[in-house]
Structures are given as structure tokens and as C-alpha cells.
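Engineer: Listed in order, the protein sequences are those of chains Y and E.
Residues 1 to 368 in my numbering are what the first sequence spells out, letter by letter.
Residues 369 to 939 in my numbering are what the second sequence spells out, letter by letter.
Certain hints may be false.
Said to hold, decoys possible - With a Cα cut of at most 27 angstroms, we get these calculated DSSO-like pairs of lysine-lysine:
#  : chain 1 : residue 1 : chain 2 : residue 2
1  : E       : Lys-465   : E       : Lys-372
2  : E       : Lys-709   : E       : Lys-777
3  : E       : Lys-372   : Y       : Lys-8
4  : E       : Lys-709   : E       : Lys-465
5  : E       : Lys-465   : Y       : Lys-125
6  : E       : Lys-372   : Y       : Lys-64
7  : E       : Lys-372   : E       : Lys-434
8  : E       : Lys-372   : Y       : Lys-185
9  : E       : Lys-904   : E       : Lys-606
10 : Y       : Lys-125   : Y       : Lys-64
11 : E       : Lys-690   : E       : Lys-548
12 : E       : Lys-904   : Y       : Lys-136
For the record, the hints were derived by calculation from the structure and aren't laboratory data.
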Amino acid sequence: MIRNSFFKILILALIIAALGVLSIYSSTYQKEGTQWRDIYKRQMLWLIIGLACFFFMSRFNYRKLWDANYFIYGAALFFLLLVFGLGVVRLGAQRWLRIAWFNFQPSEFAKLAIIIFLARYFSRKSIDDTSLLSGKFGIFQGIILPFIFVAIPMFLIIQQPDLGSGLMLMLVFVGLLYLTNVRLKYIFFLLAALILPMPFFWHFLHDYQKQRLLVFLNPNIDPLGAGYTVIQSRIAIGSGGFLGRGWLSGSQSQLYFLPESHTDFIFATFSEQWGFLGSSILILMYYLIIRQGVIIAQRTQDSFGRLLAYGVSFLLALQVFINIAMNMGLAPVVGLPLPMMSYGGSSVLVTFIALGILVNIDRTRNVF
Amino acid sequence: MERKSILNLIIIFLFSTLILGLLNLGILQGAKFRRLSDSNCIRLISQSGSRGNILDRNGEIIVDNKISYDVMILPQDLDDIDQVLTLISRILGVEIKDLRMTFKKNFISSSVPVTVATGIELKDAILLGEHEIEQPGIIVEPKPLRHYPYGALAAHVIGYVNEIDRWRLTKLEDYGYKTKDIVGFGGVEEKYDYYLRQEEGGLSVEVNHRGKFTRVLGFAPPRNGQDVMLTLDLSIQKIVEENLSGRKGSVILMDPFSGEILALASYPNFNPAVFVDKRAKLIAGLFNDPDAPLINRAIGSSYPPASVFKIVVASAGLELKKINPSMSFVCQGSTMVGARKFSCWDIHGQEDIFQAIAHSCDVFFYKTGLLLGAQNIHDYALKLGLGRNVGFELAGETSGFIPSPLWRKINKFQNWFDGDTANLSIGQGDCLVTPLQAVNMLAVFANRGYLLSPYIVKAVGGLDLSVKKKRFTKVPFKKSTFEVIVKGLAKVVSDTKGTGNVLSSLPIKVAGKTGTAQVSRGATHAWFVGFFPLDKPKYVICVFLENGGPGHAASVMAKQIIEAMNIQKLI
Numbered sequence: 001m002i003r004n005s006f007f008k009i010l011i012l013a014l015i016i017a018a019l020g021v022l023s024i025y026s027s028t029y030q031k032e033g034t035q036w037r038d039i040y041k042r043q044m045l046w047l048i049i050g051l052a053c054f055f056f057m058s059r060f061n062y063r064k065l066w067d068a069n070y071f072i073y074g075a076a077l078f079f080l081l082l083v084f085g086l087g088v089v090r091l092g093a094q095r096w097l098r099i100a101w102f103n104f105q106p107s108e109f110a111k112l113a114i115i116i117f118l119a120r121y122f123s124r125k126s127i128d129d130t131s132l133l134s135g136k137f138g139i140f141q142g143i144i145l146p147f148i149f150v151a152i153p154m155f156l157i158i159q160q161p162d163l164g165s166g167l168m169l170m171l172v173f174v175g176l177l178y179l180t181n182v183r184l185k186y187i188f189f190l191l192a193a194l195i196l197p198m199p200f201f202w203h204f205l206h207d208y209q210k211q212r213l214l215v216f217l218n219p220n221i222d223p224l225g226a227g228y229t230v231i232q233s234r235i236a237i238g239s240g241g242f243l244g245r246g247w248l249s250g251s252q253s254q255l256y257f258l259p260e261s262h263t264d265f266i267f268a269t270f271s272e273q274w275g276f277l278g279s280s281i282l283i284l285m286y287y288l289i290i291r292q293g294v295i296i297a298q299r300t301q302d303s304f305g306r307l308l309a310y311g312v313s314f315l316l317a318l319q320v321f322i323n324i325a326m327n328m329g330l331a332p333v334v335g336l337p338l339p340m341m342s343y344g345g346s347s348v349l350v351t352f353i354a355l356g357i358l359v360n361i362d363r364t365r366n367v368f
Numbered sequence: 369m370e371r372k373s374i375l376n377l378i379i380i381f382l383f384s385t386l387i388l389g390l391l392n393l394g395i396l397q398g399a400k401f402r403r404l405s406d407s408n409c410i411r412l413i414s415q416s417g418s419r420g421n422i423l424d425r426n427g428e429i430i431v432d433n434k435i436s437y438d439v440m441i442l443p444q445d446l447d448d449i450d451q452v453l454t455l456i457s458r459i460l461g462v463e464i465k466d467l468r469m470t471f472k473k474n475f476i477s478s479s480v481p482v483t484v485a486t487g488i489e490l491k492d493a494i495l496l497g498e499h500e501i502e503q504p505g506i507i508v509e510p511k512p513l514r515h516y517p518y519g520a521l522a523a524h525v526i527g528y529v530n531e532i533d534r535w536r537l538t539k540l541e542d543y544g545y546k547t548k549d550i551v552g553f554g555g556v557e558e559k560y561d562y563y564l565r566q567e568e569g570g571l572s573v574e575v576n577h578r579g580k581f582t583r584v585l586g587f588a589p590p591r592n593g594q595d596v597m598l599t600l601d602l603s604i605q606k607i608v609e610e611n612l613s614g615r616k617g618s619v620i621l622m623d624p625f626s627g628e629i630l631a632l633a634s635y636p637n638f639n640p641a642v643f644v645d646k647r648a649k650l651i652a653g654l655f656n657d658p659d660a661p662l663i664n665r666a667i668g669s670s671y672p673p674a675s676v677f678k679i680v681v682a683s684a685g686l687e688l689k690k691i692n693p694s695m696s697f698v699c700q701g702s703t704m705v706g707a708r709k710f711s712c713w714d715i716h717g718q719e720d721i722f723q724a725i726a727h728s729c730d731v732f733f734y735k736t737g738l739l740l741g742a743q744n745i746h747d748y749a750l751k752l753g754l755g756r757n758v759g760f761e762l763a764g765e766t767s768g769f770i771p772s773p774l775w776r777k778i779n780k781f782q783n784w785f786d787g788d789t790a791n792l793s794i795g796q797g798d799c800l801v802t803p804l805q806a807v808n809m810l811a812v813f814a815n816r817g818y819l820l821s822p823y824i825v826k827a828v829g830g831l832d833l834s835v836k837k838k839r840f841t842k843v844p845f846k847k848s849t850f851e852v853i854v855k856g857l858a859k860v861v862s863d864t865k866g867t868g869n870v871l872s873s874l875p876i877k878v879a880g881k882t883g884t885a886q887v888s889r890g891a892t893h894a895w896f897v898g899f900f901p902l903d904k905p906k907y908v909i910c911v912f913l914e915n916g917g918p919g920h921a922a923s924v925m926a927k928q929i930i931e932a933m934n935i936q937k938l939i
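So here's chain Y without its partners, still in its complex pose (with noise of 0.2 angstroms):
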């Protein structure tokens, strides 16, 4: 039993991750340029590492991570503040960190840490009756104190600027709100507290976010600029059909009329290679992954892993769907990468570890 749940997301993974390596290597082998051609082996690399770090994970009793909470914590939020003062300027925002060789967004790593942050908040239990606390929660305790230790990384990585990953934030939130033992009404209130201001936050918003969500309402009003992503992943995906043009024979992808290919729009470049089908099946398999993930929580006793494993769940659940619903044209373009199948070691990392929290879950259940 416990094997199994290790093996069915291990293997899914595996096989959506190698399928990502293969879309990369389309979208860049005929690029000019080496650094764009290996690009697929430095995933690859990246692969080898998040791996390791999966069966680490796998390994590592999650229960250590509650005592580690305020410190992964505190070093989310110092990564974030040390983007602000070092990071890399690239596609026009400040999101990355060097470290030796490579470039790490710390966004990817705070999603990750207020997860754990929050389980733990609301999987207290009181000293004397060893009930959850969150039951008893007043606004105060439930909503306002939470929000406010989800706000301050969200406004960090908000200014970076990485709008998208800062409501992923939030949405994480709200949905472990709604998972734990917290009045509804105060979950309401906090909706309402978020949503009625939003017309107030349009002027907050940079130019190419303002631009980004009117084009998402209609790509054609800008159909060279800000629309043109989302108008030629369009293309791709729909151009693909039933069965794609096949590996290597997409053209949108392959001659560079998709932008960013390899990276937040390899859905588009996967769909159009390998048509409704394939995509399908990968959709599937998503599901598959967080359809374990879900089983995981609600057979978990320990209201800590539960909480943990529902936001892992959620958290990828969400990933998955704003990237490829923009790949469609369905969401707005954010900066959001594809969970294991896009460029990017940080993400690669966050997933793995994140997965291998998840089945360390279900391993160390039974110990409680």
C-alpha cells in the first residue's frame, strides 16, 4: 500500500517529466546557439537532482518539518527580500537569484514554505484536551493573523513583479482555509474582503499586467504585442488536432512563432506535436498525480500531514490548471511555469520535493 502510492506518483512523474524534456528539445534543437541547444540536458540535470531530492524527501519524517516551520519560513521570506537586493533582471522582472551556477526563484521555493506554514498553523492542538485549535479560532486567530503572514511574501513576490505566483498564493490560502476547521463565514469574509477591492487594485497593477488582463479578454486587440502569445498558442494547440503533426514537426513551436516555448508555453508546444490525444493523456496524468495526492490526505490521521498533503495537492492542482487554461487562451498570461514539464530548476525542485513530501506522508502515517 504504501509502495504503491510511492510508485504510482514516482512513475507518473518520471514519464510526464521525460515527455517535458522532449518538448523542450523540440522548441530549442534548432536554435542558434549552444547554450540553446543543451538546454534540454541542463533539465535533465535538473531532473537528476530533483530526484534525488524526491527520494530524500521520501525519506525525511515530514513531522521534522513542523519544528523547521518558522525557520523555512523566515529563510523564504529573506530569499525574497535578498531578490529585491541582488536578484537577475530577466523578461523584465526581478524574480531570480544567482547562486553559483544557476538561477533560483525563491517564488517558486514560498509557495512551498507557506504551505507548510499554514498546516501547521492550523493543525495546532491545545495543550490540555490535544483538540484542534482551529476550531475555536475567533477572525482574528482564523483569518486576519494567517493572512497577514501570507500577505507579506505575497506582496514580495507581487513586487517583484509576479503577479501570478503572488495569487497563487493566496488561492493556496483560501483553499487551506476552507480545509480546516475554520468558521465558513469568516472564509467569506475574507472573500469579500479580497474581491471587493479589486477595482481599487487596477491602479496598483504595472502596464503589462493592465495590458495582459484586457488582452485575455480579447487577445485580438493587440494581436502583435501583448496578444500575440496567446493568439499563437492558440494556434498551435488547435493546429495540432486529433493525433499533432507529430515530434518535430510542429511549426509554431519549431520555426518560433510561440514565444517563451520551452517555458511557461510548453503545453502549446506538447499539444501541437502530439494533438488532442496526447495532450489528454497528459491531462490525465496530472490528475492522476493529484488524485494521489488527495487520497494521501484524507487517509492521513495526523492533521498536519493531512492539511500538508491537501496543499501540495492543491497547490499543484492550481499550477496546472491556471498554465494550461492560459495556454488556451482561458486565464490570463502569468508568469506561471507547467509543474515538471517546463524549463526551470526551480520549479523542477519545488515539484519533486513537494511529491516527495507527499508520499513521506503516506509512508510515516501509520507511526501515529
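Chain E: place on chain Y using the hints.
Structural biologist: Only chain E this time, still in chain Y's reference frame:
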């Protein structure tokens, strides 16, 4: 419901949305996106072949193509476009400002060659070609253009070429015609455009997002158009045009046994080359000229046939036995029809049919016409091919008109009077005939009984069409009728008082009929229709001069043409 199962549902809902979105893009709209994807990355670079030549019956070239050179530059292969433009401007002696402007105007994308200069000379083309090695972005492309070695010769038969107009485009789009295609206008160029037309070939290439060439997908070699061989004889055509030049009118020479048109000229004419060079002022002049030089007068306009029509009346009279060769009428210079006096152009005295044809006596034909009645004259005119299209290949043919009492009643609500019959008998009144119809009618007498379908295209792309084109309609006249008429036509020339006597000095025996058509305004039209040699007819000729004076003028021109043909031993 428990919170966690709601979360489950939310996740399932999200993923179903993704599958539905995929279904929508890939399957429902798949074809549309596939098309968009292809148009993203496939470009066509065309290469044109040359339009087919137009030849005369002996294979001599009337219209061909000459190579003109276009200079194009391929922006993607150039680092410094300005430097290249400077080089081109130095060699061609053109202002760099103009080059820059044409470049900007014609620029499409960096992978598509941009034309910066057209029609440059061979010398400059070679000079520029030498720079192609160091500047691979310069392309000197030979482009075939229509070339007219004889200028305006046979312009009405050939027509001209120009950019396709909207009307033709809507008609021809289904046959693969595109905007900016060069197509034929008028004459053989238009009628046989489909065969003359070159097939554009070219490369289809794949380009990337910057429009840079990545690979060749396919190549179709351009194909030249097919040659069209005409029935025209270039040497006769030249003689005809030399003689007609300066006079308004038209001349046709036709083979009386096959219907092949050997020469067809109309004046004023035009030089088709102005359409190739796009000399806008001259082109506008052609369209605005009150003399309508673009009209082919041989087929496109009809005139009163005047005395030429007497041949119809005479044959109808003989066929219906209203007159016979031994019968004669007395011409006293005029005759009374009803209460009106109809006069003749001279006082001829006693005239039989031979003399009447020879002297073109009006009184004889008034009387014959009245004996026949208008309907009979109308019917016989139609039997001889008048009043309806001869079915000629070239566009713009008019059918002429032969009036009849019934037509008058239906269309004008007027009665037909004997005076009208008398007028019709001498080819005046509402009666209208094109020079081509006149020549076709006379051919029936030259070949003794066959109405032909004149044609002008002998072969297309080496395939001889003359067998298909030769179509005869038997005209069921008595043999004697033809003999009598031909004898009369011969007398027109041989009789000392014959209206065509001027032709008698030729060493070749000619038979024919003159005509002088009265018009409401201006000088009379002059007609001469005839065939020669008399015993073994080889040619039917029609000379028509618009406002050219009496029929004598046309006879003189016919004489000059036949004389010149004789000197060149064409007969």
C-alpha cells in the same frame, strides 16, 4: 457535503474544463487553426514564365516577348540596405531617394524580394549581376514582357495586354486568375488568353517567426504560354496596312474556300506597346479619342451596305424568278414609287441584270426589289449571312441589321411602305452590315454556294484547329444564279463604264462590287467587295472607308493592294 469532497469536485471540474478547452481548440476549431498555422509559416515566391507568342500562318512572329530586367533586393540577406541602394542608384543613375521610396512601398517581409527598379537595360543588368557575388541580397530577375516587333501591325486582331480589371477578375477568378495578373484585352490576346497565359511557377518556402527562410517545401517550374498561330499572312497584312494607313476604315482579305482571314486591318489603330510601358497619357488618349482607335471596324461596327446589297437583291430576284437574265428595265434617271420620286445616280437607259450590276443602276434594283417585296429581300440577306453574327472568334463583333416589315410593325408600330422596300433594295435605310459580313457574303459567290465561318486562329500550341474551324453552310441557290451574278461582278471591272473599272488595268482579273453609302452627316462611306483571280478565286477582299467618299475610292485602294500583292507574287 463535506468540505474535502467539494474540493475534490472543484479539482475534477477544473480538469474537465481543460479537456473541454482542448476539445474546442484541437477538434472543433482544429481545421481553422491548422490553416492559420500554415499561413504563419508558408510563403510563396513566384517566378513567371513568358506569355505565348502570336505567329502568322507561316510561323513568322507577330508578337513575342522580350526580356526585361527587374532589380530586386532580399532584405534578410543584407546587413546594410542603404549601402546596397546607393550601389544600385550609382549603376542605374537613379536618385537614391526614389529607390528608397519604392523599396518602402514594395516591402512585404524580409524574406520576400523587394522590387526596387523595373525594366532596366541589359548593360546595367550585367553590371549589377557582377555585384551579386559580394552582395547576395541583390537579385536581377529577367522578366518577359510583351514585345511588338511591327508596332501597331494587326493591333486589332492581336489586342493588348494589361493588368486584369475588376470585371474580368470576378469572371475569371475560378480559373486561377489573380489580381495584378497580366491578361489580354481585345483580339486574340483576350479570346485565347487561357492558352497564351503563362503558368506561374515558384517556390513555396517555410519561414520562421522573423520571416527568415528555413527550408524549401516545393518548387513548381514556371511554364510558358502556348503559341497561337493565326491565319494572317504577315506580308499581305503589311501591304494592307500600308495602304489603309491614314484613312478611316477597314480592309479584310479572306480565303473564299476555307474562311481563313488572311489580312484584317482597321484604322485608326493603336500601338499595343503603350500598355506594356504603361504610358498613361497615351493610354488615356486612346480611350478618349473620338475616332475610337480601339474599335475594330472590321467586325465591331456596321454600316449601310449601299450598292453592295444589290448582290443580295439580284440573287433573290433570280432565285424567285422575278427577273431573268434576258429581262431588262429602262433607267431614265429616276422612277416613281407611290407618290415619291426615287432617283438613280445616272441615266442608264435600258439595262439587263449584268449591266445593272456593272453600272450599279438603282432604278433596276428599285424595280426588282418592289417585285420581290421586303420580306423576301430580308430572307435572302439572312441566307447570305447578313443581319446576324458570323460567329467570329474575336470579341466585339456586332451583328449588323436587316430590317423587315414585321420588325418595323413590332418595334416601331409603323407600317412598311414600298418606299422602304425601294430603299432597302439599294442597301440604304435601316440596313447595316459589317465589313466582315460583306466579305463573307461575297465569298458565297466566289466559291459558288458555301457560306463560310471566317476564322483567324489556325493553331494553338502546335495543334492545328483548322479542321474544326472549317464550317460550311450550303447556300441552295441554282448554279445559274451564281453564274449570272459572278458574270455581273466581273463586268463591274471589265465594263468600260463599270463602277470598278479602275481595277481592269490589273494583270489579274478581278470581280467585285462597289458601294457608296449615303450617311446623314459627312462624306459617304466607300465600299469595295470583290474576289480574285476571277477564274480560280484565291482571295475575297473587302475595302471599307468610313466617310471615304464614293465607292471609287475604295476600288482604287483595292487596286493598290492587289497590285502590291501581285508584285510580291502573293497571288
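Engineer: Does each hint hold? Answer for all of them.
Structural biologist: Hints versus structure:
The straight-line distance between the Cα atoms of E/Lys-465 and E/Lys-372 is roughly 74 angstroms, outside the 27 angstroms bound, and the hint therefore fails. For the suggested pair E/Lys-709 and E/Lys-777, the alpha carbons sit about 24 angstroms apart, so the restraint of at most 27 angstroms is met. At roughly 22 angstroms between alpha-carbon atoms, E/Lys-372 and Y/Lys-8 fall within 27 angstroms of each other, so this suggested pair holds. Between E/Lys-709 and E/Lys-465 the CA atoms are separated by roughly 77 angstroms; this puts the pair beyond 27 angstroms, and the hint is violated.
Of the supplied pair hints, the one linking E/Lys-465 and Y/Lys-125 is violated, its CA atoms being roughly 83 angstroms apart against a limit of 27 angstroms. The suggested pairing of E/Lys-372 with Y/Lys-64 holds, with an alpha-carbon distance near 25 angstroms, which does not exceed 27 angstroms. Distance check on the hinted pair: E/Lys-372 and E/Lys-434 sit about 83 angstroms apart at the alpha-carbon level, beyond 27 angstroms; violated. Between E/Lys-372 and Y/Lys-185 the alpha-carbon distance is near 17 angstroms, which keeps this suggested pair within the 27 angstroms criterion.
Between E/Lys-904 and E/Lys-606 the CA atoms are separated by roughly 24 angstroms; this keeps the pair inside 27 angstroms, and the hint holds. At roughly 17 angstroms between alpha-carbon atoms, Y/Lys-125 and Y/Lys-64 fall within 27 angstroms of each other, so this suggested pair holds. Of the pairs offered as hints, the one joining E/Lys-690 and E/Lys-548 is violated, with about 62 angstroms between alpha carbons and a cut-off of 27 angstroms exceeded. Between the alpha carbons of E/Lys-904 and Y/Lys-136 the distance comes to roughly 128 angstroms, so the proposed pair goes past 27 angstroms and is violated.
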